[in-house]
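Chains W and C supply the protein sequences, listed in that same order.
Per numbering that gives the first Met the number 0: the first sequence = residues 0 to 180.
Per numbering that gives the first Met the number 0: the second sequence = residues 0 to 241.
For the record, the hints were derived by calculation from the structure and aren't laboratory data.
Take these hints with a grain of salt, some might be off.
In silico negatives: residues of chain C with every beta carbon more than 12 Å from chain W [to be verified]:
| hint | residue |
| --- | --- |
| 1 | MET10 |
| 2 | GLN18 |
| 3 | ALA27 |
| 4 | GLY68 |
| 5 | LYS81 |
| 6 | THR84 |
| 7 | LEU85 |
| 8 | VAL91 |
| 9 | PRO98 |
| 10 | SER103 |
| 11 | LEU108 |
Taking lysine-lysine and the DSS-like style, the derived pairs with C-alpha atoms no more than 25 Å apart in a straight line are [to be verified]:
| hint | chain 1 | residue 1 | chain 2 | residue 2 |
| --- | --- | --- | --- | --- |
| 12 | C | LYS209 | C | LYS223 |
| 13 | C | LYS209 | C | LYS47 |
| 14 | W | LYS79 | W | LYS3 |
| 15 | C | LYS209 | W | LYS159 |
| 16 | C | LYS207 | C | LYS161 |
| 17 | C | LYS47 | W | LYS133 |
Note that the structure is predicted; figures quoted are calculated from it, not measured.
In this text, a Cβ means the ideal position worked out from N, Cα and C, and glycines have one as well.
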Amino acid sequence: MLDKRKIRLATTSLAGCFGCHMSFLDIDERLLELIERVDFDRSPLTDIKHCGPCDIGLIEGGVCNAENVHVLREFRRNCKVLIALGACAVNGGLPAQRNHLDLGQCLQEVYLTGEGLVNGQIPNDPELPLPLDKVHPIDEIVRIDYFIPGCPPSGDAIWKFLTDLLDGRTPRLGHPLLRFD
Amino acid sequence: MKQPTFLLDGMPVPFEEGQTIMDAAMAADAFIPHLCHHPEFKPQGSCKLCTVKANGRHVSSCTMQARDGMEVENNTPDLNDKRRTLLQMLFVEGNHFCPSCEKSGNCMLQALAYELEMLSPHFDQFYPDRPVDASHPDVLLDFNRCILCELCVRASRDVDGKSVFALSGRGIGKHLIVNAESGRLADTDFSLLDRAAHVCPVGVILEKRKGFAVPIGQRLYDEKPIGQQMERLAARTAKVEV
Ligand code: SF4
Ligand code: SF4
Ligand code: FES
Numbered sequence: 000m001l002d003k004r005k006i007r008l009a010t011t012s013l014a015g016c017f018g019c020h021m022s023f024l025d026i027d028e029r030l031l032e033l034i035e036r037v038d039f040d041r042s043p044l045t046d047i048k049h050c051g052p053c054d055i056g057l058i059e060g061g062v063c064n065a066e067n068v069h070v071l072r073e074f075r076r077n078c079k080v081l082i083a084l085g086a087c088a089v090n091g092g093l094p095a096q097r098n099h100l101d102l103g104q105c106l107q108e109v110y111l112t113g114e115g116l117v118n119g120q121i122p123n124d125p126e127l128p129l130p131l132d133k134v135h136p137i138d139e140i141v142r143i144d145y146f147i148p149g150c151p152p153s154g155d156a157i158w159k160f161l162t163d164l165l166d167g168r169t170p171r172l173g174h175p176l177l178r179f180d
Numbered sequence: 000m001k002q003p004t005f006l007l008d009g010m011p012v013p014f015e016e017g018q019t020i021m022d023a024a025m026a027a028d029a030f031i032p033h034l035c036h037h038p039e040f041k042p043q044g045s046c047k048l049c050t051v052k053a054n055g056r057h058v059s060s061c062t063m064q065a066r067d068g069m070e071v072e073n074n075t076p077d078l079n080d081k082r083r084t085l086l087q088m089l090f091v092e093g094n095h096f097c098p099s100c101e102k103s104g105n106c107m108l109q110a111l112a113y114e115l116e117m118l119s120p121h122f123d124q125f126y127p128d129r130p131v132d133a134s135h136p137d138v139l140l141d142f143n144r145c146i147l148c149e150l151c152v153r154a155s156r157d158v159d160g161k162s163v164f165a166l167s168g169r170g171i172g173k174h175l176i177v178n179a180e181s182g183r184l185a186d187t188d189f190s191l192l193d194r195a196a197h198v199c200p201v202g203v204i205l206e207k208r209k210g211f212a213v214p215i216g217q218r219l220y221d222e223k224p225i226g227q228q229m230e231r232l233a234a235r236t237a238k239v240e241v
């Protein structure tokens, strides 16, 4: 019997809060149906550290530091279809609310001059990725094939989108699944 | 005498002499996307969301008078693509972070984005720096979300007789200003009882201490898409919106 090749799916969270991944888990028992059809590559669910060749990549969060850029590019190189999952990936979201502030001043205030701080120090461990001047939506860095807005998108919205895609339909979110909040 | 009619996507729409395409469509419960139009105020035709093709030419339906026998295209993929692009430009020009916006679910800009299936803002974000004005005791102004529709300008000038708001600057520098030497709302005679306090289609002019009275998910456009609410949109008056 010819085994239908399973779809490879990778997921990651960049400058996000993992809310979109939690929402992904909200598909509940449908996860079992999903793993009949897909194998997970790099994802917080597998703990695989680097993304191999995949069919679909789901990116939660925007880009706020140098490491985010590397991870995003790794996903773009390896995934045939790359999907922005959630408000932060789509338009920067909450982390981008710092964009009208000066990054240097932000770090100063948080680590040095803020109320009640003594002997503060701006973290400078070489292991820490350097923050970017501004937070960006992921489509400002690499080409993105699809967008699932929402903060977070509901489990139902994610399920509808993924099953449309897996079944070869054009993915569509109508009322009430398409939400920005 | 036979009442004049035009065809809106093939459907006959009757109208009174002098009525615009938008007014007649509203009366007939037919949805044409719009942002700067409001039945209570003089149309100004600035947002261009209501653009239709009348006898083959692009026109603003909120300012174009209907004519007998006119053929009007409205709900077509081509027009909706253009409208979606206009919405995307409005989104990236301001700071529209819906999850923390009190207007979310009641917002016309957002509702039209849902209606026209705008999944991403497409263009690069401007992330402009626009400080809020929280000076007034009862009303917060969050300029980050202003789409320059001038409804507050028209309401304050034409109904309240106060001219609290105006637009200033040109092109991308155009912005909403408050008519006080300090530029602060607290230094005007603006009041929560003003008509202008209740016309903003987006989340700029917000009543203080009323946040999230209705939970997100149970609001106007969560219940029903805007395209199915033309009757309510046509009935917007001071009484209904205060
Ligand atoms: S004004 Fe409308 S589109 Fe803008 S942030 Fe608020 S809900 Fe979203
Ligand atoms: S504040 Fe609201 S009503 Fe006034 S111009 Fe801006 S979007 Fe329009
Ligand atoms: S609604 Fe007609 S131009 Fe804005």
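Given the proposed pairing of LYS209(C) with LYS159(W), does the C-alpha separation stay at or below 25 Å?
35 Å, violated
Is the hinted pair LYS209(C) and LYS223(C) satisfied, with a Cα-Cα distance of at most 25 Å?
23 Å, holds
Does LYS79(W) pair with LYS3(W) here, judged by a C-alpha cut-off of 25 Å?
Holds, at roughly 18 Å.
Just to be careful, I want the Cα atoms of LYS47(C) and LYS133(W) compared with a cutoff of 25 Å; is the pair within it?
32 Å, violated
If I take the minimum Cβ distance from GLY68(C) to any residue of chain W, is it greater than 12 Å?
Answer for GLY68(C): holds, closest chain W Cβ roughly 35 Å.
Assertion that THR84(C) lies outside the chain W interface [Cβ separation over 12 Å]:
15 Å, holds
Satisfaction of hint between LYS161(C) and LYS207(C), Cα-Cα up to 25 Å
21 Å, holds
MET10(C) non-interfacial with respect to chain W [C-beta, more than 12 Å]
MET10(C) is indeed farther than 12 Å from all Cβ atoms of chain W, at 22 Å.
Does SER103(C) clear chain W by more than 12 Å, comparing its Cβ with all Cβ atoms of that chain?
4 Å, violated
No chain W beta carbon within 12 Å of LYS81(C)'s
Fine: 19 Å to the nearest Cβ keeps LYS81(C) off the interface.
Please work out if LYS209(C) and LYS47(C) have their alpha carbons no farther apart than 25 Å.
32 Å, violated
Report holds if the minimum CB distance from GLN18(C) to chain W is greater than 12 Å, and violated otherwise.
It holds; GLN18(C) is separated from chain W by about 30 Å at its closest Cβ, greater than 12 Å.
When the structure is compared with the earlier hints, violations turn up for hints 8, 9, 10, 11, 13, 15, 17 and for no others.
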